[in-house]
Amino acid sequence: MSSTSTHTPNFAKLNDSNYPTWSGEMAAWLRSANLWRLVNGKLPQPKLSGSPTAAEQTKLDTWEANAEKAAGQIYLMVEPDQRTHFAGVVDDPIKMWEQLAAVHLQKKPGARFNAYDDVFSIRKQPEESLQGLVNKVNAAMQHVKDLRPNDFDLTKLDEELTSMTMIRALPVEEYGAFTSTLLQRDILSKDVVT
1 MSSTSTHTPN FAKLNDSNYP TWSGEMAAWL RSANLWRLVN GKLPQPKLSG SPTAAEQTKL
61 DTWEANAEKA AGQIYLMVEP DQRTHFAGVV DDPIKMWEQL AAVHLQKKPG ARFNAYDDVF
121 SIRKQPEESL QGLVNKVNAA MQHVKDLRPN DFDLTKLDEE LTSMTMIRAL PVEEYGAFTS
181 TLLQRDILSK DVVT
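For the sequence shown, counting from 1, position 183 maps to 183 in our numbering; every step adds exactly one.
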């Protein structure tokens, strides 16, 4: 498997607002350390036979050592307030990664609403290059895509956009609590809003 170095990655630690960037950089670092296939579950833990051979034991020991490295690197690359998400899974890099995704990529209409709002709020800054603007738009759209459930289709998009438009049209002063409640729902449809 890997004879990874023990250096710590050189990018910002995960906080409450940088998951899309952090997850890409962390996955790239784990790939460079030959640990990504373990973390994403494509390299399962080896099973020992009834009478394990030395080769089987060595393979398992190597996998476990790499799992410890991956878990340690993931742990070190999140801010202390994010480590609460590792309760009970701190020794399992696969579950650590899945838990962070579950927390930061809540595939709910409200999260998508905010992501679309971010997309439509993007403006070219005076000092920004066109390529920088394109990169910003692409990153924002990738975040929108990451928030979609697997069964998301155009019909669901149309339904959500209709609902989001209705919600966005409501005055915040008068309907703020109502809209906040709607955006917390698992399903957002015109019937729910009206």
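One or more of the hints may lead you astray.
[What the hints assert, rightly or not] So the derived label-pair ranges between C-beta atoms look like this: (1) K95 <-> P149: 52 to 60 Å; (2) Q45 <-> H7: 57 to 65 Å; (3) G41 <-> D151: 18 to 26 Å; (4) P149 <-> E173: 26 to 34 Å; (5) Q125 <-> N10: 23 to 31 Å; (6) A27 <-> P126: 43 to 51 Å; (7) R185 <-> P126: 17 to 25 Å; (8) M166 <-> Y75: 23 to 31 Å.
It is worth saying that the hints were derived from the structure and are not from the lab.
Don't be surprised by glycine CBs; every beta carbon is placed ideally from N, CA and C.
A quick look at each hint next to the structure:
One distance hint, 52 to 60 Å for the beta-carbon pair K95 and P149, is violated here, with the actual separation near 21 Å. The hint said 57 to 65 Å for the Cβ distance between Q45 and H7, and at roughly 25 Å that hint is violated. Taking 18 to 26 Å as the suggested C-beta distance range, the pair G41 and D151 conforms, at roughly 21 Å. Checked against the hint of 26 to 34 Å, the C-beta distance between P149 and E173 comes to roughly 33 Å, which is consistent with it.
At about 26 Å, the beta-carbon gap between Q125 and N10 stays in the expected band of 23 to 31 Å. In this structure the supplied range 43 to 51 Å is violated for A27 paired with P126, their Cβ-Cβ distance being about 33 Å. Taking 17 to 25 Å as the suggested C-beta distance range, the pair R185 and P126 does not conform, at roughly 39 Å. In this structure the hint that M166 and Y75 lie 23 to 31 Å apart at CB is violated, the actual value being about 43 Å.
Of the numbered hints stated above, those contradicted by the structure are hints 1, 2, 6, 7 and 8, listed in ascending order.
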